[in-house]
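Trainee: Single-letter residue listing:
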Amino acid sequence: MTIAVNTEETGKKIAEAIPGSVISSDKGSLTVDSKALAQVSGFLKDTPGLEFDYLTVLTAVDYLDYFEVVYRLVSLKHNQSLIMKTRVYGRDNPAVPSVTGTWRAAYYQEREIFDLLGIKFDGHPDMRRLLLWEGFAGHPLRRDYL
Amino acid sequence: MTLLDQFQLMLKGLDWPEWAVYLTPAIVGILLIIVFVLTIVIVFIWWERRLISRIQIRLGPNRCGPEGIFQPIATAVKILLKEDIVPDKADKLIHFIAPITVFVPILLIFAVMPFDQGAILVDLNVGIIYVIAISSISVIGIFMAAWGSGNKYSYIAGMRSIAQMVSYEIPVVLAIVGIALVAGSFSMLRIVEAQSIPFILLQPLGFLIFFLGSLAEMNRSPFDLLEADSEIVAGYHIEYSGMKFAMFYLGEYGVALAYAGIITTLFLGGWQGILLPPVLWFVIKIMLVFSVIVWMRATLPRMRVDQLMSFAWKFLLPMAVINLLLVAAEVLVLPAGMLWVMVLINFAMAAVLILLWSRLFTLGGGRVEV
Amino acid sequence: MPIKTEPFYLNVGPQHPSTHGVFRLRLELDGEVVTDVEPIIGYLHRGIEKLAESRTYTQVIPLTDRLDYLASMTDNVAYCMAVEKLAGIKVPERAEYIRVIFSELMRISSHMMAVGFYLNDCGAFFTPVLYMWREREKIIDLFDMVCGQRLLYNYMRVGGVSQDPPGEFWPALKKFLAEMPRYIGEYNQLIKQNEIFLARSKGVGVLPRDTAINIGASGPVLRASGVKWDIRKMDPYSIYDRFDFEVPTGEAGDCYDRYWVRILEMTQSLRIIEQAISQMPAGGPVCADVPQFFRPPPGETYGYIEAPKGNLGFYIVSDGSIAPYRLHIYPPTLINITALKDMMVGWKVADLIVIFGSMDVVLGEIDR
Numbered sequence: 001m002t003i004a005v006n007t008e009e010t011g012k013k014i015a016e017a018i019p020g021s022v023i024s025s026d027k028g029s030l031t032v033d034s035k036a037l038a039q040v041s042g043f044l045k046d047t048p049g050l051e052f053d054y055l056t057v058l059t060a061v062d063y064l065d066y067f068e069v070v071y072r073l074v075s076l077k078h079n080q081s082l083i084m085k086t087r088v089y090g091r092d093n094p095a096v097p098s099v100t101g102t103w104r105a106a107y108y109q110e111r112e113i114f115d116l117l118g119i120k121f122d123g124h125p126d127m128r129r130l131l132l133w134e135g136f137a138g139h140p141l142r143r144d145y146l
Numbered sequence: 001m002t003l004l005d006q007f008q009l010m011l012k013g014l015d016w017p018e019w020a021v022y023l024t025p026a027i028v029g030i031l032l033i034i035v036f037v038l039t040i041v042i043v044f045i046w047w048e049r050r051l052i053s054r055i056q057i058r059l060g061p062n063r064c065g066p067e068g069i070f071q072p073i074a075t076a077v078k079i080l081l082k083e084d085i086v087p088d089k090a091d092k093l094i095h096f097i098a099p100i101t102v103f104v105p106i107l108l109i110f111a112v113m114p115f116d117q118g119a120i121l122v123d124l125n126v127g128i129i130y131v132i133a134i135s136s137i138s139v140i141g142i143f144m145a146a147w148g149s150g151n152k153y154s155y156i157a158g159m160r161s162i163a164q165m166v167s168y169e170i171p172v173v174l175a176i177v178g179i180a181l182v183a184g185s186f187s188m189l190r191i192v193e194a195q196s197i198p199f200i201l202l203q204p205l206g207f208l209i210f211f212l213g214s215l216a217e218m219n220r221s222p223f224d225l226l227e228a229d230s231e232i233v234a235g236y237h238i239e240y241s242g243m244k245f246a247m248f249y250l251g252e253y254g255v256a257l258a259y260a261g262i263i264t265t266l267f268l269g270g271w272q273g274i275l276l277p278p279v280l281w282f283v284i285k286i287m288l289v290f291s292v293i294v295w296m297r298a299t300l301p302r303m304r305v306d307q308l309m310s311f312a313w314k315f316l317l318p319m320a321v322i323n324l325l326l327v328a329a330e331v332l333v334l335p336a337g338m339l340w341v342m343v344l345i346n347f348a349m350a351a352v353l354i355l356l357w358s359r360l361f362t363l364g365g366g367r368v369e370v
Numbered sequence: 001m002p003i004k005t006e007p008f009y010l011n012v013g014p015q016h017p018s019t020h021g022v023f024r025l026r027l028e029l030d031g032e033v034v035t036d037v038e039p040i041i042g043y044l045h046r047g048i049e050k051l052a053e054s055r056t057y058t059q060v061i062p063l064t065d066r067l068d069y070l071a072s073m074t075d076n077v078a079y080c081m082a083v084e085k086l087a088g089i090k091v092p093e094r095a096e097y098i099r100v101i102f103s104e105l106m107r108i109s110s111h112m113m114a115v116g117f118y119l120n121d122c123g124a125f126f127t128p129v130l131y132m133w134r135e136r137e138k139i140i141d142l143f144d145m146v147c148g149q150r151l152l153y154n155y156m157r158v159g160g161v162s163q164d165p166p167g168e169f170w171p172a173l174k175k176f177l178a179e180m181p182r183y184i185g186e187y188n189q190l191i192k193q194n195e196i197f198l199a200r201s202k203g204v205g206v207l208p209r210d211t212a213i214n215i216g217a218s219g220p221v222l223r224a225s226g227v228k229w230d231i232r233k234m235d236p237y238s239i240y241d242r243f244d245f246e247v248p249t250g251e252a253g254d255c256y257d258r259y260w261v262r263i264l265e266m267t268q269s270l271r272i273i274e275q276a277i278s279q280m281p282a283g284g285p286v287c288a289d290v291p292q293f294f295r296p297p298p299g300e301t302y303g304y305i306e307a308p309k310g311n312l313g314f315y316i317v318s319d320g321s322i323a324p325y326r327l328h329i330y331p332p333t334l335i336n337i338t339a340l341k342d343m344m345v346g347w348k349v350a351d352l353i354v355i356f357g358s359m360d361v362v363l364g365e366i367d368r
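As given, the protein sequences belong to chains G, P and W, one line each in that order.
Those letters in the first sequence? Residues 1 to 146, by this note's numbering.
Those letters in the second sequence? Residues 1 to 370, by this note's numbering.
Those letters in the third sequence? Residues 1 to 368, by this note's numbering.
Everything labelled a hint here was simulated from the structure, so no lab data went into it.
If you're wondering where the values come from, they're calculated on a predicted model, not measured in any experiment.
Cβ coordinates follow ideal geometry from the N, Cα and C atoms, glycine included.
Each hint should be verified, as a subset may be incorrect.
[Claimed, not checked] In silico contact screen, one side only, chain W against chain G (beta carbon under 8 Å); selected entries:
{"id": "1", "residue": "ILE41"}
{"id": "2", "residue": "GLU49"}
{"id": "3", "residue": "LEU51"}
{"id": "4", "residue": "ASN154"}
{"id": "5", "residue": "GLU168"}
{"id": "6", "residue": "ASN214"}
{"id": "7", "residue": "ILE215"}
{"id": "8", "residue": "VAL227"}
{"id": "9", "residue": "ARG232"}
{"id": "10", "residue": "ASP235"}
{"id": "11", "residue": "SER238"}
{"id": "12", "residue": "TYR240"}
{"id": "13", "residue": "VAL317"}
{"id": "14", "residue": "SER321"}
{"id": "15", "residue": "LEU334"}
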């Protein structure tokens with residue numbers, strides 16, 4: 001069974017290593033400050049005992065006040081999973097650091113989020129639209145598109 | 001003394017004018033050959049589609065006429081009624097001449113094919129060399145088609161075609177020389193008459209090399225990279241439609257018929273057989289060879305171009321050279337009439353060589369460092 | 001003195017007989033050798049995620065059919081499982097067994113299609129496709145018996161399945177199970193040792209183990225690279241922990257291993273179906289009592305299964321209304337082709353098609 005790891009303990013471990021990064025760690029998921037995302041990703045991937053080397057879903061949801069980017073990480077070695085979230089406020093030019101350097105699985109998923117929701121990922125090697133054609137105006141999956 | 005020569009003598013005896021005596025047998029012969037080729041090509045198209053369908057556990061065309069025998073005619077009518085599209089960036093002159101350059105040499109091959117005792121259009125005493133020379137002209141036609149289309153896919157096909165067809169000529173020619181050594185002449189009539197035992201038994205290795213080499217010359221599976229349907233989408237004839245495509249299509253079956261005829265003449269004993277009239281035996285043997293060609297198309301996957309080239313140069317060529325040397329040694333050493341000894345030695349040699357080479361030889365390279 | 005050459009750009013364009021759908025691959029060639037590869041997708045984008053926001057939960061099920069249209073049963077199962085997880089609905093026993101049987105039948109059919117068309121890409125002119133379709137016809141006839149459709153089934157519902165299979169289904173299924181091992185043996189006999197096929201597939205398009213984990217690959221592609229990760233074993237959903245089956249893995253991660261893993265998975269699926277038929281309860285409801293416009297409690301969930309192509313998942317956010325607030329589909333095939341450039345560079349044009357065929361993509365899932 002892939003067990004969801006205890007988010008409160010993991011949150012404490014991360015907060016000790018990288019202070020100021022964890023915003024909340026209850027409700028079954030770990031919410032992280034977007035500025036510390038690169039450091040937290042590296043910590044989650046490399047620390048023995050955690051070793052989350054497999055990124056599955058990377059998606060984003062448009063709650064009208066903020067965008068929430070959701071990451072689901074799995075550790076193949078320990079057979080455990082973790083859901084990590086980060087929030088972006090502001091609808092004009094939302095931006096989040098990219099995790100493509102840590103997990104290449106993010107490559108297409110981040111492009112798709114940029115295409116459909118408009119969130120830019122800083123540090124992504126190729127930030128372009130994926131599914132819609134170049135020159136398309138707007139981001140269709142936003143709640144205020146249609 | 002061919003039948004047409006006898007016809008000519010008869011006309012001279014009837015006191016016809018000089019030019020009529022010269023032209024009439026030629027025209028009669030050419031017409032007969034064209035009728036024969038077109039009929040048998042139509043039968044081939046039907047036979048290939050039925051045979052491939054049966055191998056693929058389905059029925060095949062069976063609606064147009066009884067058992068679908070009018071299907072090729074329907075196909076031909078459909079192709080002729082299509083609009084002839086020439087792409088904008090194509091080189092108009094080369095695009096126009098290419099189908100003719102591919103199709104006409106194939107018809108020319110039939111000038112030296114013996115259908116019956118003495119029934120041949122021209123009995124050249126370099127018969128088989130003429131065939132090889134003429135069939136090389138089609139290569140230029142294919143490259144003209146590939147280049148003149150102005151399409152990158154056909155350009156890749158053109159590059160592959162030159163490499164493939166030039167490299168497979170050499171083992172084919174060496175296999176033919178082995179036959180000519182035993183028969184004592186290059187003329188097609190003499191080769192058939194010299195086959196008291198069919199040469200397929202006398203030179204099994206020569207037969208295999210010639211068969212595989214001619215498959216590559218014909219661009220049939222498993223060497224059909226030029227028109228690889230799943231990669232370069234019809235390759236060199238990708239931009240052709242209408243009558244020009246019909247010429248390529250007929251040319252493909254025409255060359256299959258031509259090579260089937262040559263294999264029958266060289267290896268299976270031509271028109272020799274018991275009970276039935278010789279022309280019928282010739283047709284039966286051609287259908288047999290064609291069935292094997294179709295069987296290989298339906299069942300084998302395709303080779304990659306570098307695997308193809310290494311197969312020609314590292315596998316077929318050395319075996320062809322060794323075959324030639326051995327046949328020459330046997331013709332020199334063994335007294336005439338001991339043909340069964342030659343059969344046994346050749347079979348043993350073929351088995352040993354094939355086993356040895358298949359252990360030592362690997363099909364082609366792998367990844368290239370970029 | 002080096003010769004001045006310039007790169008040659010070729011579009012294996014959206015319309016091509018071998019790209020398994022509308023998929024565009026922009027190649028940079030040096031002669032026949034590929035130096036750069038860029039996949040361009042989006043030709044089949046229909047906006048399923050946006051459409052789902054204005055449909056009730058049951059109305060989204062036909063939309064999910066059209067994702068991986070060659071394996072629609074498993075798409076339906078994944079979505080229905082996600083909604084049941086969100087709403088806390090319990091599926092009756094008989095429905096669980098029926099779902100397992102149909103998922104495994106779907107897996108066999110999808111793998112037969114994948115292997116058949118992989119051999120077609122190698123050049124074997126449709127003959128293996130037609131041999132495998134002979135059996136696939138039997139599976140599709142079974143599906144036709146139960147829901148009237150041959151390709152897009154729309155059979156699963158939130159809380160179970162839509163109807164109980166009719167009486168003539170079970171003898172036909174048992175007959176199929178009895179005949180199938182012989183046919184798989186026939187495929188192995190005809191294909192596995194073919195010299196030309198081995199030369200085209202062995203060692204071609206290697207996906208190393210670490211790359212496969214880093215790009216998040218799943219399904220037969222991941223298992224062929226040597227990682228023993230099958231969600232049915234590692235994280236069992238539904239009733240998969242009651243069955244005894246193995247998870248085949250490959251070693252080298254080349255095209256031949258991906259083909260061989262699929263063939264072995266077909267035999268394992270037959271085992272699961274036999275066990276399911278013997279363990280199944282004889283009667284009982286086939287669907288939980290779920291109202292037409294049901295409102296799951298606000299929250300979010302991620303429901304995922306082991307589909308034939310990989311790890312198919314649905315991330316659903318609900319705000320308490322009759323339609324989902326956000327539906328995100330995690331497509332296994334889009335993630336699997338992240339490493340196309342690593343696998344294809346250095347090989348020839350002919351190998352490109354073979355490597356792409358071995359990845360087994362369906363554009364409906366990539367583009368959604």
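Trainee: Against chain G, is SER321/W within 8 Å by beta-carbon distance?
Mentor: For SER321/W, the interface hint is violated, since the closest Cβ of chain G sits about 13 Å away, which is over 8 Å.
Trainee: Can the hint on TYR240/W be confirmed by a CB-to-CB distance to chain G that is less than 8 Å?
Mentor: Hint violated; TYR240/W Cβ to chain G Cβ min 11 Å, cut 8 Å.
Trainee: Is the interface hint for VAL317/W satisfied, with its Cβ closer than 8 Å to some Cβ of chain G?
Mentor: 6 Å, holds
Trainee: Less than 8 Å between beta-carbons is the criterion; does ILE215/W satisfy it with respect to chain G?
Mentor: 5 Å, holds
Trainee: Given LEU51/W as an interface hint, is the shortest Cβ-Cβ distance to chain G below 8 Å?
Mentor: With a closest approach of 11 Å, the LEU51/W hint is violated.
Trainee: Given VAL227/W as an interface hint, is its Cβ closer than 8 Å to any Cβ of chain G?
Mentor: With a closest approach of 7 Å, the VAL227/W hint holds.
Trainee: Take the shortest C-beta to C-beta distance between ASP235/W and chain G; is it under 8 Å?
Mentor: 4 Å, holds
Trainee: Report holds or violated for the interface hint on ILE41/W, using the least CB-CB distance to chain G and a cut-off of 8 Å.
Mentor: Nearest chain G Cβ about 7 Å off; hint holds.
Trainee: Given GLU168/W was flagged as interface, is its beta-carbon under 8 Å from a beta-carbon of chain G?
Mentor: Interface hint status for GLU168/W: violated (38 Å vs cutoff 8 Å).
Trainee: Double-check SER238/W for me: the hint is only fine if its C-beta lies closer than 8 Å to a C-beta in chain G.
Mentor: 13 Å, violated
Trainee: Given ASN214/W as an interface hint, is the shortest Cβ-Cβ distance to chain G below 8 Å?
Mentor: 5 Å, holds
Trainee: Interface hint check: ARG232/W, Cβ to nearest Cβ on chain G, cutoff 8 Å. Holds or violated?
Mentor: 12 Å, violated
The earlier numbered hints that this structure contradicts are 3, 4, 5, 9, 11, 12, 14.
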